[in-house]
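Enquirer: Put together the whole structure using the sequences plus the hints.
Quick mapping for you: the protein sequence lines, in order, are chains W and X. Position 12 (the first sequence) corresponds to 12 in the working numbering; numbering is contiguous. Offset between the second sequence (1-based) and the working numbering: plus 10000.
Calculated directly from the structure, the hints in this document are not laboratory data. There may be inaccurate statements among the hints.
As the list claims (entries may be wrong) - The calculated label-pair distances, taken between Cβ atoms and stated as ranges, are:
1) K10534(X) / I50(W): 25 to 31 Å
2) R10189(X) / R64(W): 36 to 42 Å
3) G10229(X) / S8(W): 39 to 45 Å
To be verified - In silico lysine to any residue, SDA-like type, Cα no more than 25 Å apart, as pairs:
4) K10293(X) / L19(W)
5) K10090(X) / L17(W)
6) K11073(X) / P10847(X)
7) K10446(X) / I10520(X)
8) K10293(X) / M66(W)
9) K10(W) / L10547(X)
10) K10236(X) / P43(W)
11) K68(W) / V10747(X)
12) K10236(X) / V45(W)
13) K10756(X) / D10026(X)
14) K68(W) / D10287(X)
15) K10413(X) / F10173(X)
16) K10534(X) / D10026(X)
17) K10293(X) / R64(W)
18) K10917(X) / E10980(X)
19) K10236(X) / L41(W)
20) K10090(X) / P43(W)
21) K10236(X) / M37(W)
22) K10090(X) / L41(W)
23) K10799(X) / T9(W)
24) K10820(X) / M11048(X)
25) K10090(X) / E69(W)
26) K10(W) / K10446(X)
27) K10820(X) / E10779(X)
28) K10293(X) / M37(W)
29) K10839(X) / P10851(X)
30) K10(W) / D10541(X)
31) K10236(X) / I50(W)
32) K10(W) / R10089(X)
33) K10293(X) / L17(W)
34) K68(W) / S10040(X)
35) K10033(X) / Q11046(X)
36) K11073(X) / E10980(X)
37) K10839(X) / M11048(X)
Here the structure is a predicted model, which is why all the values come from computation and not from measurement. Each residue gets a CB set at the ideal place from its N, CA and C atoms; glycine is no exception.
Chain by chain, the residues:
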Amino acid sequence: MKDHQGDSTKEAWILCLILGVILINFPFIHIFNNEQMIFGLPPLVLYFFIGWPASICVTWLFVRQMNKENTDI
Amino acid sequence: MISGQIVLIISLLYFAVLFGVAFYADKRRQAGKSLLATNSYIYSLAIAIYCTSWTFYGSVGRAATSGLEFLPIYLGPTLMAFTWWFILRKMVRISKEQNIVSIADFISSRYDRSALLGAIVTLFAVFGIMPYIALQLKAVASTLDILSTPLTLPSKGLGSLVSQLPPYVDTAFIVALVLGLFGMLFGARHLDSSERHEGLVVAVALESLIKLIAFLAVGVFVTYGLFDGFLDIFHKFFEQFPERQDLFQLGTERTPYTKWFSLIFLSMMAIMFLPRQFHIMVTENADESQIKKAMWRFPAYAFLINLFVIPIALGGLILNGGDTSQADFFVLTLPLSAGHPWLAMLVFIGGLSASAGMVMVSSVTISTMIHNHLVMPIILRLKLQTHDFSGILINLKRLGIIGVVFLGYFYFKIIGDSYALVNMGLISFMAAAQFSPAVIGGLYWKRANRKAATTGLVLGFILWFYTLLVPSFVRSGWLTSNILENGPFNIELLKPLELFGLRGFDIFTHSLFWSMLFNISAYLTISFFIKQSKTEEIQADKFVDILRQDKGLPTQLRRISKAPTIMEFVELMSKFIGEKPAKHAISEFLEDREINARGSLPDDEIPQLRSFTERTLAGYVGAAPARIILENYLSTRGSKMEDVFDIFGSVTISHASSREQLSVLYDAAQIVASGAELQSILDNILDLLSSQFKFDLCVIRFLEDDSMTLVVKSQQGMSSVHFGQSERNLNMDTYIGQAFLSNVTAVVNDTDFLEKPTSSEIIHREGITCFAHTPIILEGEPVGVLSAFSRTVKGIFTKSFIALFENLARQVALAWRNDKQLQGLLEVHEQEREMQIAKNIQRSLLPTAIPEMENVSVAGLCVPAHQIGGDYFDFIPREESRFDLIIADVSGHNIGSALIMAETRTFIHARIDNLKKPDTMLHSLNKFFFDNMDCSDLFVTMFYLQYCSATRNLSYSSAGHNNPLLWRKQQQRIELLDAEGLIFGIKQDVAFEKQTTELAAGDLLLLYTDGIIEAEDSHDEFFGVERLGKLLQECGDLTPQEIIDQIMSQVRIFTGLRHFNDDITLVVMKVLK
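Expert: What follows is the structure, encoded as structure tokens:
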């Protein structure tokens, strides 16, 4: 059961990594690549400066989960 | 502005503080209280050495000129940090195990420990680091000049301050000198074999903290002091420069998506493979678990330090009217021009921290690599005849540090002004990225081989040089621009910026593409087609499988406890008591028990079967041997919930464990099985361990129960008086105590990171670099500790090695148990021998043959339940035709009973002439027992008869004994002889009644002890007096001896397979006439 949990954490981890690569590269970031300001800020700036701390939180959550499971993935 | 002197003084003070911190950290480490091991923030902060002055000043410059282009340099590492638990941890684990200290070491170790590869990586790293160090020197020199020179005047720098210096001594030169000197101070004060510099790391962590604080301070100042928050800055900027909206767009001519991708990729590789990053993250890692925390802390750091980059850049542009020429130094000039020189001073210190940390760590790291991979091989090859190298070596290392810094200085002098900070940094990033195929491939692909890595690296290096360095030389005017415009020798296809006609990419994407293409293709192709050597294969296995060893394989294999089947018990018993009795016994046992479908007993019945088997065996071989037989049997078949010794059990034949390790286990098993004396077994195992794995000291200690200390039983290796030989108290303050008390192996793979001060003094004094203690466990309880120490190598104790180590401990435990059991058997044997003697003596105390008499016939038998017993009967002839018959029962059937029985007999025989009557005899016996045996918890019963064959007169007295049976032939009835009297020794003065009766010819008298009437059958029913009387009645015509035989056989039939619980004694007297 524990191993199973460890495995699924690892899988989620790899998925998030792939997602991360996609999220900070072309073509995905092209969505925000326009001149339309949002709250007076360029959309790309807003995207990165919200997405970045969000990704850090995700890592933090993963690490916490890992500590809880105490798995050695 | 602030005067140059003050800036210098503050800077030097700051360095002094850093040095103090480093010194303190080193002292702490030596005292065994490593800061790095205990504080995980230090590790995370030290990784932020990634953020150099390039980040500190360059990010703002890049943001002002190229917009979002500064971001990928930090987004890449954030993404990479996500993989650290897999990749970085693996690198750390390998490095600890293989004692790797640098990236050159790492790559060379992976590929057959190739010296050539190490040298190539080192050279590459030296060239690769030059631009980066140049960049730091440039930053410090420029900011120093800016800070100490009025903005309006042309920069003269420190030259104006110290005008007497020769003209070539500019600010950058002085900065290089100072940073080089500090690098030496931090990194090469003495030759440290470990190549770890905890002081340096702690200083770097402090620097990281300072630079973050400084940058946040200036960010807050610009955003909220000079402007009215983020939105205000953006608003004003777009109002003033509406045409510069493309700064915040990608896919533009300035920042195409390809470049964006290249930058992300480059920075991902740089965070892992820059020599200084490798040093901080891998070599200096004290605890793998710190990686987890760094995984989010470092990205958080990067995020914070970039939070104000855009506001400062835009603010600087707004205030400078859109001029980007000084954008690299907005961080400094904004507070200066706003009249806040002390904030600028803080910023300068922050920038200095960023530069100094990088330069010091890089120069120390690169110098170590030069030392290990360039200098040492040459020295070894030259076979210099000097006896002590250390003086030369340390100076060479110092020279290396200064040399590396000044290489950067020269690069700065030559290329310096032609590039912005960030571009110089990227040249180094590209160099670091060339290591990635060799390292990542080496971590995950076993086929990757030495030739492939060498070729890939060399090709990558050449292309890096050609597509990045050559253009930078051209741009600085060092080479003619002809080579860029027309290609070398006018060959168009070889133009460094449009190699093989690849056009339309920025210089970095172009260089990345070609260098990686050649590097990776060569690496893959050659790995694919060329076979590895055997030694290379082993190294490859060790690298790739390092994390796998401990996955899926429990470190302690516990054999599934399987209860022995009924048949196995029968087989065991058959060996000792024969097949038929065994089967008979078992059928008796199983009679009323349920047997489940699988033909075995329910689990809760097994213990009963076990004790039944033991009892049955005890009937044949004695209790103690029976227990030992059963214990031995059960433990060898592993049903004792004990880890069964199985030489390959915990190793689980994997490629991970080398043949070497398996053979050690096999040899150890042979030693244990040899059956030699315990001491020689222990010595041999330690000898094996220390010779096979080159330990400097191996010790086996066992717990001494009385003193509760671990006492050395065997020792192999260095003979320090205080170290190996000393006893160890049991507490959690020492590693050995911890191992014993917690029953878990304690491992310290690097004594630079000790957590227990008590141990550290002795460990450091003896120069131990790594050690482990594993408990010697028997039936789940620790009985001792096996320890191994090394002075030379670190990181010996990998998961697989610990498994081996623990297995050896189990074998030691087995040897120990065998010895204990042997001792036990010997002891039992000795006891048995003594018992045999006692038995013989006791038997000789009983009348061996009763003399034939005219009118009466007497026979007696005594069957002790155990070897000796407390029953006693005697026949003592007196004068004329009289004789005395005595039967007595001392409670218990041990030595004590036997002694009292002997005492009783002595008493009677000594006084027989004085005490003529039964009652007087019993009376004085009682007095004797009362006076002498009062502290004994044994008690004695006795029946004393006196018979005169001439008169057929029988007189008798009883001391609480079973009433004898009298068969009166004429009356055809059984009488019980009874007389008042108490058990001996209860009261001082007891009146023993004397009874008399007349016998007639044919009368039978049966004296017995309670062993016979309390004999039990399988239904726990007593044989009883009634049955005995009936039996006596039936035997009226037999001789006394025949009667006894008859009774005994009947009793045996009655009890079946049960044993007599008590001694049985019978005396039969028959009146003949």
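Enquirer: If a hint holds in the structure, say so; if it doesn't, say that too.
Expert: Results of checking the hints against the structure:
In this structure the hint that K10534(X) and I50(W) lie 25 to 31 Å apart at CB is violated, the actual value being about 54 Å. About 41 Å separates the C-beta atoms of R10189(X) and R64(W), a value consistent with the hinted range of 36 to 42 Å. For G10229(X) and S8(W), the hinted distance range of 39 to 45 Å is satisfied, since their beta carbons lie about 43 Å from each other. With a C-alpha separation of about 21 Å, the suggested pairing of K10293(X) with L19(W) holds against the 25 Å cut-off.
At most 25 Å may separate the alpha-carbon atoms for a hinted pair to count; K10090(X) and L17(W) meet this at roughly 18 Å. Of the pairs offered as hints, the one joining K11073(X) and P10847(X) holds, with about 24 Å between alpha carbons and a cut-off of 25 Å not exceeded. Of the pairs offered as hints, the one joining K10446(X) and I10520(X) holds, with about 16 Å between alpha carbons and a cut-off of 25 Å not exceeded. Of the pairs offered as hints, the one joining K10293(X) and M66(W) holds, with about 11 Å between alpha carbons and a cut-off of 25 Å not exceeded.
Between the alpha carbons of K10(W) and L10547(X) the distance comes to roughly 14 Å, so the proposed pair stays at or under 25 Å and holds. This hinted pair checks out: K10236(X) and P43(W) have alpha carbons roughly 17 Å apart, not beyond 25 Å. Our distance criterion of 25 Å between C-alpha atoms is met by K68(W) and V10747(X), whose separation comes to about 24 Å. Taking the CA atoms of K10236(X) and V45(W), the gap is near 16 Å; set against the 25 Å cutoff, the hint holds.
With a CA separation close to 16 Å, the supplied pair K10756(X) and D10026(X) stays within the 25 Å bound. Under the criterion of a C-alpha separation no larger than 25 Å, the hint pairing K68(W) with D10287(X) is consistent with the structure, at around 18 Å. A distance of roughly 10 Å separates the Cα atoms of K10413(X) and F10173(X); the hinted pair therefore holds under the 25 Å criterion. Of the supplied pair hints, the one linking K10534(X) and D10026(X) is violated, its CA atoms being roughly 41 Å apart against a limit of 25 Å.
As the CA atoms of K10293(X) and R64(W) are separated by approximately 9 Å, the hinted pair is consistent with the 25 Å bound. A C-alpha spacing of about 15 Å is found between K10917(X) and E10980(X), which places the hinted pair at or below 25 Å, so the restraint holds. Only pairs whose Cα atoms come within 25 Å are accepted, and K10236(X) paired with L41(W) is accepted, the gap being roughly 12 Å. A threshold of 25 Å between alpha carbons decides the hint, and for K10090(X) with P43(W) the separation of about 38 Å lies outside it, so the pair is violated.
Of the pairs offered as hints, the one joining K10236(X) and M37(W) holds, with about 14 Å between alpha carbons and a cut-off of 25 Å not exceeded. For the given pair, K10090(X) sits about 42 Å from L41(W) by alpha-carbon distance, which is inconsistent with the 25 Å threshold. Simply put, K10799(X) and T9(W) have alpha-carbon atoms about 23 Å apart, close enough for the 25 Å limit, and the pair holds. Taking the CA atoms of K10820(X) and M11048(X), the gap is about 41 Å. The hint is violated against a cut of 25 Å.
For the suggested pair K10090(X) and E69(W), the alpha carbons sit about 20 Å apart, so the restraint of at most 25 Å is met. A hinted pair counts as satisfied when its Cα atoms are at most 25 Å apart, and K10(W) with K10446(X) qualifies at roughly 22 Å. A distance of roughly 14 Å separates the Cα atoms of K10820(X) and E10779(X); the hinted pair therefore holds under the 25 Å criterion. Among the hinted pairs, K10293(X) with M37(W) is inconsistent with the structure: their alpha-carbon atoms are about 36 Å apart, more than 25 Å.
A distance of roughly 23 Å separates the Cα atoms of K10839(X) and P10851(X); the hinted pair therefore holds under the 25 Å criterion. For a cut-off of 25 Å, the pair hint linking K10(W) to D10541(X) stands: about 23 Å separates their Cα positions. Simply put, K10236(X) and I50(W) have alpha-carbon atoms about 22 Å apart, close enough for the 25 Å limit, and the pair holds. At most 25 Å may separate the alpha-carbon atoms for a hinted pair to count; K10(W) and R10089(X) meet this at roughly 15 Å.
The straight-line distance between the Cα atoms of K10293(X) and L17(W) is roughly 17 Å, inside the 25 Å bound, and the hint therefore holds. Taken as a hint, the K68(W) and S10040(X) pair is honoured in the structure, with Cα atoms around 18 Å apart against an allowance of 25 Å. The suggested pairing of K10033(X) with Q11046(X) is violated, with an alpha-carbon distance near 84 Å, which exceeds 25 Å. Between K11073(X) and E10980(X) the alpha-carbon distance is near 29 Å, which puts this suggested pair outside the 25 Å criterion.
This hinted pair checks out: K10839(X) and M11048(X) have alpha carbons roughly 21 Å apart, not beyond 25 Å.
Hints 1, 16, 20, 22, 24, 28, 35 and 36, counting from the list given before, are not met by this structure.
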